[in-house]
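Visitor: If you're matching them up, the sequences are chains A and B in order. So in numbering that gives the first Met the number 0, spot 166 of the first sequence is number 165, and the numbers just go up one at a time. So in numbering that gives the first Met the number 0, spot 114 of the second sequence is number 113, and the numbers just go up one at a time.
The set of hints was computed from the structure by calculation and includes no laboratory data. One should not assume that every hint holds.
Some residues of chain B that are not near chain A, with every Cβ distance over 10 Å (derived) [said to hold, decoys possible]:
| no. | residue |
| --- | --- |
| 1 | Gly8 |
| 2 | Asp76 |
| 3 | Phe160 |
| 4 | Pro242 |
| 5 | Leu249 |
| 6 | Pro254 |
| 7 | Val262 |
Label-pair ranges, simulated between beta-carbon atoms [what the hints assert, rightly or not]:
| no. | chain 1 | residue 1 | chain 2 | residue 2 | range |
| --- | --- | --- | --- | --- | --- |
| 8 | B | Gly132 | A | Ser190 | 19 to 29 Å |
| 9 | B | Arg173 | A | Leu112 | 46 to 56 Å |
| 10 | B | Pro277 | A | Leu3 | 48 to 58 Å |
| 11 | A | Leu3 | B | Gly179 | 26 to 36 Å |
| 12 | B | Asp161 | A | Ser18 | 27 to 37 Å |
| 13 | A | Lys15 | B | Arg173 | 44 to 54 Å |
| 14 | A | Leu176 | B | Gly129 | 50 to 60 Å |
The C-beta atom is built at its ideal place from N, Cα and C for all residues, glycine as well.
One-letter residues, chain by chain:
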Amino acid sequence: MSTLAIGIDRAVVELKMFSREREAVFFSFLFPILLLSLFSVIFSGQFDGRMTAGWFFLPGMIAAGVLLTSFQTMALSVATERDDGSLKRLRSTPMPPASYFLGKVGLVATTSLLQLVLLLVVARVFFDVPMPATTGRWGLFAAVFVLGVFGGTVLGIAYSSLSTARSIGAVVIGPMLVLQFISGVYIGWDSVPDWLRQVASLFPLKWIAQGMRGVFYPDDMSSLEMAGTWEPGRTMIVLAAWAVGGLVLCITTFRWFKRGTV
Amino acid sequence: MDTAIRIRGLVKAYDSLHAVDGLDLDIHAGEVFALLGPNGAGKTTTVEILEGFRDRDEGEVSVLGTDPHRAPRRWRDRIGIVLQTSGGLDLLTPREVLSSTARAYRTPRRVDEVLDAVGLAEKADDRVVGLSGGQRRRLDVGLGIVGDPELLFLDEPTTGFDPQARREFWELIRSLATGGTTILLTTHYLDEAEHLADRVGVIAGGRLLALDTPANLGGRRREQATVTWEEEGARRSIRTDSPTAEVARLAARFPAEVPELTVTRPSLEDTYLGLISPHVQHHTPTEVPA
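Please put together the full structure from these sequences, using the hints given.
Guide: Below, the structure written as structure tokens:
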């Protein structure tokens, strides 16, 4: 069988495992949808007629969802697979290494697309969030989403090498939570102190969230951004740089065997 | 006879410790070969070099005619590896795991046939998490043989098994051997080696100490036999080169059955412990983890 065919089979296996793991489904797949619903209900009184809570939080939740299904899922699963011998077992067969990565990409692409569709449906149907009206906005949306998911996947695989299965949870979820707070996911971006916004600007989450605000928010709200515009070009460049850097890191640091064994 | 594995002057050192220190060994095609040795003897290191997972410092290694460290991916079509542990399968079923693994091989065995061979046909569609330790290990063997390998590596396959499960597992391995698969087995259990292996190699300190059939290892066959019996309330024993004559003498002396009569030769375990005892003293028992 070809590398691609085996890769597709790996993706199917990965999806089976993912869907059978209830914790993963809940904490990375449904989490942003739950939070969006929760925030929309809790903060509904704090918005004037022009913007609703659901509308306000949707871009941030999409951004968080991208990073959860790509970066967090990859970092956790690859670290676990390395330590429990799954990677060694795969390495002992004639499976092409590329098929393994194709399987991971297939898993992340499928889950993040499904999550995105669910998020949009919930936002539109239950919280009346207006969808982007122009093809330009949908184009930006697709580009930010694809770059974000790809970058998150390769960075997550690279990040998995930093720790062992036992402690990878803390090593991933702690920094992710901090990043979500300072990148305008849970707290309005304009409420974050300037120096923290500078820190957040080094990481991709801020740029995914900003790109998504540019897609969903009314044009005049761009005045709340640091630059006073949505900066779509710069967003693309930063996300592309992270994706390429992540890919290089992923290829150069990937290990099939548990630390200290081979 | 064809050679499946050829090792000449193999050396592998970790810092200053020579895990493998000049090992020479030939394993013939079609035989079951057991590699025995204390922890830290260099078994795992040797096997991982043969499997292509580790590089060596010196020496020549050929597995199915190929240097494992430089082997192309297709070389793995012809070998099967049963690892010491294989986790991460809990959420799948044996059929799913085997089918997916089979796709990587050029000429895999039929999944149903493998499920039958390892006795998991009835558990084929249950989640792996619910399998017993023995069933899980049989699934590991299934994963090792689904590619229809010429050479199978079995690393301590029955650790933690109950006696019944071990017997069943041995049957499975013997049936594979009958089918012509070359098997390299590492084990801590001497009875396992005695049951399964055509030849046994004992290594310690990274060197080969003895190499023979289980019955002949370390000159076992030529060792004196021990005849023991009970007389006047005490155990008596005699070491002799002619146990048959000794038993005949005893039979003549006693009016009926000779009480508690046994004739024993040194067990494989006795021979093995005698072989490795000079080595385990000076060696730090640090196993290189799998």
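Visitor: Which constraints among the numbered hints does this structure fail? Numbers only, ascending.
Guide: 2, 8, 13, 14
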